[in-house]
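Number of protein chains: 2
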Amino acid sequence: MSETSELHTLPARSGRAVRLKKGQSIRIINTHGQQVVDTWAFNAEDLREFMSMEHLRPTIGSIRPTAGHKLHTNRRRPILTFVEDTSPGIHDTLMAACDNYRYGLLGCTEYHDNCTDNLFAGMQRLGLTPPECPSPLNLWMNIPVHADGSTEWGVPVSKPGDHVVLRAEMDCVVAMSACPQDILPINGENLKPTEAHYQVLD
Amino acid sequence: MSETSELHTLPARSGRAVRLKKGQSIRIINTHGQQVVDTWAFNAEDLREFMSMEHLRPTIGSIRPTAGHKLHTNRRRPILTFVEDTSPGIHDTLMAACDNYRYGLLGCTEYHDNCTDNLFAGMQRLGLTPPECPSPLNLWMNIPVHADGSTEWGVPVSKPGDHVVLRAEMDCVVAMSACPQDILPINGENLKPTEAHYQVLD
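Sequences listed follow chains C and R, in order.
Numbering that gives the first Met the number 0 applies: residue 0 is where the first sequence begins, and numbers increase by one.
Numbering that gives the first Met the number 0 applies: residue 0 is where the second sequence begins, and numbers increase by one.
The hints are simulated quantities; they were obtained by calculation from the structure and are not laboratory data.
Don't take each hint at face value.
Just a few of them, taken from the derived set where beta-carbon distance is under 7 Å, the chain R residues facing chain C [claimed, not checked]: (1) Ser61; (2) Arg75; (3) Leu93; (4) Met94; (5) Cys107; (6) Ser134; (7) Gly148; (8) Ser149; (9) Thr150; (10) Gly153; (11) Arg166.
Stretches of chain C that chain R covers, calculated by requiring three or more beta carbons in the stretch to come under 8 Å of a beta carbon on chain R [to be verified]: (12) 56 to 66; (13) 86 to 95; (14) 99 to 105; (15) 117 to 124.
Built from N, CA and C at the ideal position, the CB exists for glycine as well.
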């Protein structure tokens with residue numbers, strides 16, 4: 000893999016998308032160490048096929064994909080392979096992308112940036128409109144699940160510069176949102192969403 | 000509630016759907032005690048709004064809804080209230096509806112009945128086509144989640160005649176599939192999918 004690939008910024012509270020050819024990879028970097036990055040992948044030939052958390056969990060037999068796992072679509076085909084992870088491997092598959100409805104329930108009375116709109120905005124920059132907002136792979140989101148099934152809004156356990164590498168198993172579009180959540184501590188106790196970075200690797 | 004409501008059969012390996020007015024309820028009965036019933040709910044006015052497991056989990060703070068919980072849509076509104084549960088309360092929100100792709104991965108070389116097609120067939124009996132197959136509420140499906148995030152295909156812990164009651168919080172369509180899974184033991188160790196029953200309660 001090229002180590003000189005251009006470093007792109009995923010601005011705080013924003014979304015971006017990138018096309019990957021089969022065999023290319025993307026490195027997603029938690030630059031400041033406490034930022035959740037909601038991540039999606041769509042089949043480039045048919046956006047109705049996409050990485051799906053509810054199809055991925057039964058296939059890998061876990062609620063937490065780790066390096067080595069293939070990540071499956073709603074048609075049960077691998078779209079990405081989770082190749083590398085320098086963080087402790089705590090990512091979330093359970094929680095929907097935040098949306099303006101969610102911030103309304105959290106007390107916001109005006110529009111709040113959110114991952115669902117970021118997905119659509121990021122894809123729009125490539126001239127693409129996804130058919131829906133699939134449940135994302137929430138990189139670095141720490142959602143402990145207790146024995147009774149209850150969940151918690153944890154703080155990320157990652158550190159600055161931690162990164163994951165995801166390899167395309169088909170031509171696809173990977174979309175990312177630097178989660179704008181600043182009410183719950185999922186982006187750190189300071190409640191300060193930050194930028195992240197990404198690189199495409201041949 | 001009327002106790003003389005007509006008892007309808009949900010045939011083994013099949014799907015059915017029923018319209019509920021706001022305030023009406025449905026009782027879903029695990030007649031033989033070991034049958035998983037995949038369950039969906041759609042806003043009757045706009046089928047693009049539906050009960051959504053990934054939106055429900057953050058709202059209730061749990062991977063396991065129990066009696067007393069409101070069950071939310073992809074627009075974060077309550078569509079059903081989980082009113083009553085005579086079983087031990089072990090239901091699943093993690094696993095996608097089975098589909099023909101899934102049975103292919105499990106070794107089937109010919110078409111296998113599946114909950115995804117049962118959803119569409121059940122809705123079609125009412126002249127309706129859902130926009131997609133949302134991740135279902137898998138009543139009585141026992142998926143233990145271990146501390147490391149790994150999952151298991153458990154046997155139901157329910158007994159014959161156990162039932163749940165779900166009350167409509169808006170005019171909606173509730174769809175059900177008596178899961179045809181006969182390879183994994185989710186419908187009991189005998190691997191024999193059975194019928195279930197349901198009643199609409201005013």
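In rising order, the numbers of the hints this structure does not comply with: Violated hints (numbers, rising): 5, 10, 11, 15; every other hint is consistent with the structure.
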